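Trainee: Sequence lines, in order, name chains A and B. Take the first sequence: its letter number 320 is residue 320 in my numbering, and every next letter is one higher. Take the second sequence: its letter number 45 is residue 45 in my numbering, and every next letter is one higher.
Just so you know, these hints were derived from the structure itself, not from any lab. If you're wondering where the values come from, they're calculated on a predicted model, not measured in any experiment. Check the hints yourself; a few may be wrong.
The following residues of chain A were derived to be distant from chain B, with all beta-carbon distances above 10 Å [as the list claims (entries may be wrong)]:
#, residue
1, P17
2, Y125
3, E192
4, P274
Pair ranges (Cβ atoms, derived) [stated by the list, open to error]:
#, chain 1, residue 1, chain 2, residue 2, range
5, B, F14, A, D75, 35 to 45 Å
6, A, R262, B, S86, 51 to 61 Å
7, B, R81, A, S183, 36 to 46 Å
8, A, R262, B, S155, 22 to 32 Å
9, A, S183, B, F14, 21 to 31 Å
10, A, A142, B, V8, 46 to 56 Å
Idealized CB from N, CA, C, for every residue including glycine.
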Amino acid sequence: MDKILEVRNLTVHYYLPQGVVRALENVSFDLYKGEILGVAGESGSGKSTLALAIMRLIQSPGKIISGEILFRGRDLLKLSENEMRRIRGKMITMIFQDPNSYLNPVYQVGAQVAEVYEAHNGGSYRDYLSRVAELFKIVRIADPQRRVYAYPHQLSGGMKQRVLISMSIAHKPDLIIADEPTSALDVTIQAEIIDLLNDIRDRYGSSIIFISHDLSLLLEISDRIMIMYAGRVAEIGSRDEIKNDPKHPYTKALLRSLTYERKSKLYSIPGSIPSLINPPSGCRFAPRCREAIDICSKQDPPKISLGGRVVYCHLLRGEGQ
Amino acid sequence: MSDLLVAVDIRKYFPIEISLFKKLFVRAVDGASINLGEREVIGLVGESGSGKSTLGRILAGLIRPDSGSVYFNGEEIINSRRTIPSKYRYAIQMIFQNPDTSLDPRMIIHDILADAIRSRSKGLSRSEVTERVIKLIRQVGLREDHVYKYPHELSGGEKQRVAIARALSVDPIILIADEIVSALDVSVRAQILNLLLEIVENRGLSMIFITHDIGLVWSITDRVAVMYLGKIVEFGDTEKVLTNPMHPYTKMLLSSTTSILIGKIFKDPRFRARGEPPSPIDPPKGCRFSTRCPLVDKECLFNEPILREVENDHFVACLKI
Chain A
1 MDKILEVRNL
11 TVHYYLPQGV
21 VRALENVSFD
31 LYKGEILGVA
41 GESGSGKSTL
51 ALAIMRLIQS
61 PGKIISGEIL
71 FRGRDLLKLS
81 ENEMRRIRGK
91 MITMIFQDPN
101 SYLNPVYQVG
111 AQVAEVYEAH
121 NGGSYRDYLS
131 RVAELFKIVR
141 IADPQRRVYA
151 YPHQLSGGMK
161 QRVLISMSIA
171 HKPDLIIADE
181 PTSALDVTIQ
191 AEIIDLLNDI
201 RDRYGSSIIF
211 ISHDLSLLLE
221 ISDRIMIMYA
231 GRVAEIGSRD
241 EIKNDPKHPY
251 TKALLRSLTY
261 ERKSKLYSIP
271 GSIPSLINPP
281 SGCRFAPRCR
291 EAIDICSKQD
301 PPKISLGGRV
311 VYCHLLRGEG
321 Q
Chain B
1 MSDLLVAVDI
11 RKYFPIEISL
21 FKKLFVRAVD
31 GASINLGERE
41 VIGLVGESGS
51 GKSTLGRILA
61 GLIRPDSGSV
71 YFNGEEIINS
81 RRTIPSKYRY
91 AIQMIFQNPD
101 TSLDPRMIIH
111 DILADAIRSR
121 SKGLSRSEVT
131 ERVIKLIRQV
141 GLREDHVYKY
151 PHELSGGEKQ
161 RVAIARALSV
171 DPIILIADEI
181 VSALDVSVRA
191 QILNLLLEIV
201 ENRGLSMIFI
211 THDIGLVWSI
221 TDRVAVMYLG
231 KIVEFGDTEK
241 VLTNPMHPYT
251 KMLLSSTTSI
261 LIGKIFKDPR
271 FRARGEPPSP
281 IDPPKGCRFS
291 TRCPLVDKEC
301 LFNEPILREV
311 ENDHFVACLK
321 I
């Protein structure tokens with residue numbers, strides 16, 4: 001299978017008055033064509049920073065310190081802003097959690113979606129309204145011809161998210177980054193949005209990076225899953241591997257905390273997420289890890305490759321390479 | 001189990017002015033009945049707009065219903081003419097989803113709790129009040145020095161602990177918890193819920209737990225009521241409702257959830273979500289779920305189903321059962 005995206009040793013820091021926030025450190029992963037990669041992590045795990053870095057939207061006080069983001073073989077970090085602008089919104093697009101923040105309340109939604117064509121092809125937004133109606137049909141907005149003229153407040157949350165999705169697929173992108181696209185929606189609407197993203201992948205062959213704090217949701221939709229903790233990758237594996245045979249202690253703990261048993265206490269991982277200004281030395285999960293050994297808090301965990309999967313953990317030193 | 005709280009045929013319509021001469025009503029709660037036993041935890045689930053929060057607020061005496069009555073220990077305490085009389089105010093306490101809007105940002109935690117304590121126990125000396133504040137703050141797992149902080153100095157989880165402490169400060173008998181952990185990370189969420197359940201258990205309280213999370217319903221509730229567009233469509237023993245749901249909406253809800261539940265929870269792809277809930281301003285005639293129901297036929301469009309007992313402790317409002 002072709003790789004559409006290769007991220008190598010990506011490191012992003014934010015320079016705050018309180019100190020340097022090590023939001024992302026040495027993150028590496030591959031994304032294949034037509035694949036849905038789930039990225040799971042709690043707040044502060046760096047998952048949203050990762051999305052912004054790929055889009056090259058990290059702004060001051062944030063800075064990409066090092067690494068490569070190879071998109072179809074070209075390093076995005078070496079492109080000029082002009083070249084990047086031709087990729088962003090066209091070949092790589094993004095869907096966000098809260099559609100309200102990304103739709104202008106005083107413009108009709110059709111005009112806002114048409115802007116995506118206007119920006120890359122020129123002309124007036126009016127030339128594109130019929131194409132927008134077609135997009136609305138693809139994202140299953142009922143009565144698309146009329147909804148083009150609707151204002152955001154006339155649409156439900158689920159509808160608004162469909163509008164944003166239609167924006168993201170206008171140019172049949174190679175890569176869609178969806179950052180918590182269903183977290184603000186009801187489960188029934190969530191299920192429909194997920195079906196829709198699946199259809200879009202099949203229709204355009206787009207790859208999707210689906211970012212969520214909800215690992216159980218990712219287990220339903222992803223081909224592969226990357227688990228992040230405190231700015232680093234903990235584990236990458238296929239959906240079935242993560243679900244049935246998690247290797248990293250954090251993955252195991254996360255799965256356990258998402259499992260509900262009848263009339264029994266909820267499991268919570270002891271301790272709390274570390275500060276990224278003063279992260280713990282060695283493995284960042286070590287202070288909360290039940291299986292931690294001496295070396296864990298002294299040395300960064302090694303990268304262990306087991307077949308197609310990757311685990312960063314001292315405990316697996318004997319296995320794989 | 002004797003009933004502590006009984007609500008009969010509660011209705012609440014919120015007026016919205018369309019123009020000077022035209023007024024429409026949002027039928028938030030449209031004929032809902034519920035009963036809560038001693039030491040019982042009931043789950044109230046449904047999509048946004050189903051009326052679950054409005055029903056919770058009515059039961060807590062925060063808003064007056066348009067019709068219907070609520071009985072506490074057999075005595076009518078709420079109807080269209082009055083909300084809870086002051087001598088019973090303490091008995092039913094509500095905890096809200098967002099502590100940022102439910103805790104006064106200008107008051108330190110001590111004063112927030114002290115005000116609540118004084119409202120129930122008049123004539124306490126200043127030191128007696130402070131003593132109680134500190135006892136409460138310890139009960140919810142915070143330290144003494146937390147009481148001299150302002151809400152903004154606390155994390156989301158800590159603020160929610162304060163909100164729980166405030167509800168407990170008047171020694172209530174019933175808690176109404178409205179989506180209290182939806183905004184929290186998984187690990188914090190489990191800690192808060194375990195704490196709340198421990199308190200409910202130790203103090204012998206009853207609780208109505210409003211949520212959209214089926215996983216939580218499964219792990220903590222005795223019975224569950226499923227709401228759709230202002231009506232309760234299914235109500236009964238949690239185990240029965242989740243393993244053998246009878247209402248097609250409950251089936252849709254269960255089939256759309258991604259939570260990992262241990263047990264024989266109903267799941268059937270034929271009931272996967274379709275369509276969005278209609279507006280509560282103009283709900284469908286006949287059965288309100290008819291616009292999304294896979295089992296719909298002609299009679300559903302004309303006749304409104306009523307909630308009836310189909311097996312012991314299992315009520316369903318569906319014409320097809």
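Trainee: Starting from the hint 22 to 32 Å, judge whether the C-beta atoms of R262 (chain A) and S155 (chain B) obey it.
Mentor: holds (30 Å)
Trainee: Evaluate the given range 21 to 31 Å for the C-beta pair formed by S183 (chain A) and F14 (chain B).
Mentor: holds (27 Å)
Trainee: Is the gap between the beta carbons of F14 (chain B) and D75 (chain A) within 35 to 45 Å?
Mentor: violated (56 Å)
Trainee: Honestly, do R262 (chain A) and S86 (chain B) meet the 51 to 61 Å range at C-beta?
Mentor: About 40 Å separates the Cβ atoms of R262 (chain A) and S86 (chain B), which means 51 to 61 Å is violated.
Trainee: Does 46 to 56 Å hold as the CB distance between A142 (chain A) and V8 (chain B), or does it fail?
Mentor: This hint is violated: roughly 38 Å between Cβ atoms.
Trainee: For P17 (chain A), which was marked as not at the interface, is the minimum beta-carbon distance to chain B over 10 Å?
Mentor: Correct as stated: the minimum Cβ-Cβ distance to chain B is 18 Å, above 10 Å.
Trainee: May I ask you to check that Y125 (chain A) keeps its beta-carbon over 10 Å from the closest beta-carbon of chain B?
Mentor: holds (27 Å)
Trainee: Determine whether the non-interface label on P274 (chain A) survives the test: each CB of chain B must be over 10 Å from its CB.
Mentor: Holds: least Cβ distance 12 Å, greater than 10 Å.
Trainee: Would you say the C-beta atoms of R81 (chain B) and S183 (chain A) sit inside 36 to 46 Å of each other?
Mentor: holds (41 Å)
Trainee: Per the stated criterion, does the least C-beta distance between E192 (chain A) and chain B lie above 10 Å, as a non-interface residue requires?
Mentor: Violated: least Cβ distance 5 Å, not greater than 10 Å.
This entry does not satisfy hints 3, 5, 6 and 10, going by the numbered hints stated previously.
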